[in-house]
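Asks: So the chains spell out like this:
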Amino acid sequence: EAQVTQNPRYLITVTGKKLTVTCSQNMNHEYMSWYRQDPGLGLRQIYYSMNVEVTDKGDVPEGYKVSRKEKRNFPLILESPSPNQTSLYFCASSLSYGNTIYFGEGSWLTVV
Amino acid sequence: GQQLNQSPQSMFIQEGEDVSMNCTSSSIFNTWLWYKQDPGEGPVLLIALYKAGELTSNGRLTAQFGITRKDSFLNISASIPSDVGIYFCAGQDTGANNLFFGTGTRLTVIP
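Read top to bottom, the protein sequences are chains A and D.
Mapped onto this note's numbering, the consecutive letters of the first sequence carry residue numbers 1 to 112.
Mapped onto this note's numbering, the consecutive letters of the second sequence carry residue numbers 113 to 223.
Okay, chain A solo, but in the shape it has when bound (with noise of 0.2 Å):
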């Protein structure tokens, strides 16, 4: 079955320790992307990445790394959280820019 995978769902965690949210896919995609969601925000992209070893600011990079060793990965770095990073986050995939993208079910983080 194709499907874009983030780990872990849900989280809590506390001001400064590093995490790191996983995203594979198993399509073979070569764009992968990730957003968060906020109220009244919509979906606002983070980063994205063309493909292997080719990564991109999106329009709220600021407090995230990433990146794209192998091509179904696309891990989300958060080297010091802080509170206002609680959010929801989802990874995305398309087999390339412009084509279909598929979406993961999210990941609920707070930062507390």
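Everything hinted at is true.
To give an idea of the chain A side of the interface with chain D (calculated C-beta under 7 Å), a few residues:
(1) Gly-42
(2) Gln-45
(3) Phe-103
(4) Glu-105
None of these hints come from the bench; they were simulated from the model.
Yeah, the Cβ is synthetic: ideal placement off N, Cα and C, and Gly gets one too.
Using the hints provided, position chain D relative to the given structure of chain A.
Replies: For chain D alone, coordinates are given in the frame of chain A:
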């Protein structure tokens, strides 16, 4: 980032009624997309529009790509309870590498 204004923000309708929502942008897009998000799930693509003036249907859903390329409309006919969810518009410019989302329309269908 580019601003996409989506309206209405929320709707409460009776089962069987038709629904209309729209999305406007300050910039021109080459592609307009409409997604639906069910509770606890990621957004799922409903309709994609690639040409100004294009009108596309998917079952009870009909979407249009505005002539100005700065707006799009989604209509749902004869709503049913499973239409409940949040609907997002999204604009894509083939010259850039971003997909910009609207703020969403939360739809509640009352049986």
